[in-house]
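Undergrad: Whenever a hint applies, use it, and build me the whole structure from the sequences.
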Amino acid sequence: MGETLPKFRQKSRSLVSGLDIGVMSGIPQDLPRVLGNSGRVVSISYSPKPISVAWMGSTIDPGPIDISVLYDQDNHISSAIWDGQERGVLRCHEHSSMLEQWKLTAKQIELVEKAGFGYFRTIPTISLDNSLISALVERWRRETNTFHLPVGEMTITLEDVVLLLGLPVDGKPVMGVTRTPGKVCENLLGKVPEDLNGGMVKLTWLKECFSKCPEDAPVEETERHTRAYLLYLVGCTIFSTTTGNKVSVMYLPLFEKFDEAGKFAWGAAALAFLYRALGNASLKSQSTISGSLTLLQCWSYYRLNVGNPKFNDEPNDGCFPFALRWKGRASGPRSNSNIVSYRKALDSLQPSDVKWLPYKDLDSSSSVEDIKESLILRASKTVLICFDKAERHLPDRCLRQFGMLQPVPMDVPRWERKIRALDQGSDLSKETDLQLKGKNQAELREWLERRLRIVQVEEVVDEIKYMEWYERITRKFVGRPESLESEFQRIVAAMREIADIADSFPADRMDSRDRKSLDEIKNAAHKSLMDLVGDSKKGRRKIATKRKREDDPTIKDDY
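For the sequence shown, our numbering assigns the number 559 to the last residue and increments by one with no breaks.
Simulated from the structure, these hints should not be mistaken for lab results.
Note that the structure is a prediction, hence the values are computed from the model and not measured.
Do not rely on the hints blindly, as some may be mistaken.
[Stated by the list, open to error] Pair by pair, the computed Cβ-Cβ distance ranges are:
1) P413 <-> N338: 53 to 61 Å
2) E215 <-> R451: 37 to 45 Å
3) Y71 <-> K212: 49 to 57 Å
4) P413 <-> K310: 37 to 45 Å
5) L448 <-> P351: 34 to 42 Å
6) E463 <-> K516: 47 to 55 Å
7) N305 <-> T178: 44 to 52 Å
Every residue, glycine too, gets a C-beta built ideally from N, C-alpha and C.
TA: Below, the structure written as structure tokens:
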């Protein structure tokens, strides 16, 4: 009996998982039940979702029908997956596991707070669910900087950045003058690494040289250690790269004066960097992703009912930034889901699976009074800048995330995603310096006018019209839907096995409560099995009758 119980639990949970992706909806609510770890019978609830008729056809068009929006479909990973070319789970680059080895003095913490990273530094390493991240990337479209989901477009906005990470999203664009990397390190860190290749410094070198600052260190030494920490912090999180355990020295001059560093829009730069990383990873030629994957994963946890870990203790709802809510949660390698199951869940996502306003009861917390003013930028249709990266922030495509109705959005012009490299004669860390010409000046001006670009609420919105438009321009499916027949056979086989296992339990070794529950399981399993088989035969008779009627119009419908 001890070996049978786990098998019964596993098979029952497998059946629930199959039902949860929305294929069969006629199974009684009291099935399946499984025996808990204690041996007692407990119920597992689930929410079956009706399946779309489009899934059943032998020839399915995943879209887009109209390629005016998703014009780069041929290069997108979803095209390769549809053709049977799986690339598997992405290699996710975030190198924050060693952050806890940095020991900051009270003076260092004060300087970090001045630089704008006071909240952000408190976020611990959150175990990444690489399969969930990979499935989300398959839904990301670089043409619109949004996720294309069955319910419509959604995206990570400046609101998500400031509330989840606690980073400032208002201020100067994260740009600066280009300088010789060796001289930058010598002036601001007091030493230069031996292998400073391509303007990149190893994170391990920063940690080895600067992770422990003496309490009685002189001011200059304390500042050097703190600059090294800040460079390490951004290099292993929001600006992590796929090149390995390295960070670009170009960020270091922005930490020269800590008060000035606090005036930069670090959160907007982090979002620009993540948008670029998502866009690159969504191409079928790529196999890695970098940037703030903690932001991406926590965004999904807050907004989508897909792959969310269970709380092991009391939720950290009172903590800020809100990414702390997922501190210590089971995910990543401990998750039971793989990329295929996440893909199916996203392909069958329903409006009830989405939390459009996850922060409505949280963003009034007194913890965020000092950053509330910047939340107006959540609906700013502007350009996000991080040195040579320029990405469009398009909240007008995701207005339901702000409590508005969603109209058909304006077309997104194709744009070049790179700003020309700066020379030593231009310092764009100053908002008043707009001496660049052409495209660079236009993009910078958009950021400087960000408060004038807030999307306004439309008085009359027809969301039905929006969904009709969206269904034509989107990619409906990433994975090829399993046919109804094969799904039906799988579930029938699973229920037969559950019924057989239930019949094999020795009733004489159970108490009256478990015997009664087991009888209910047997009856429910056998009844469900009979109903499914009966409905299947009835359905086949309907199909046969329909075919005869199509061949002979004189045949009348008896149903």
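Undergrad: The structure should be examined with respect to each hint, and the outcome stated for every one.
TA: Quick rundown of the hints versus the structure:
no., hint, result
1, P413 <-> N338: 53 to 61 Å, "violated (38 Å)"
2, E215 <-> R451: 37 to 45 Å, "holds (43 Å)"
3, Y71 <-> K212: 49 to 57 Å, "holds (52 Å)"
4, P413 <-> K310: 37 to 45 Å, "holds (44 Å)"
5, L448 <-> P351: 34 to 42 Å, "holds (37 Å)"
6, E463 <-> K516: 47 to 55 Å, "holds (49 Å)"
7, N305 <-> T178: 44 to 52 Å, "holds (45 Å)"
Checked against the numbered hints given earlier, this structure breaks only hint 1.
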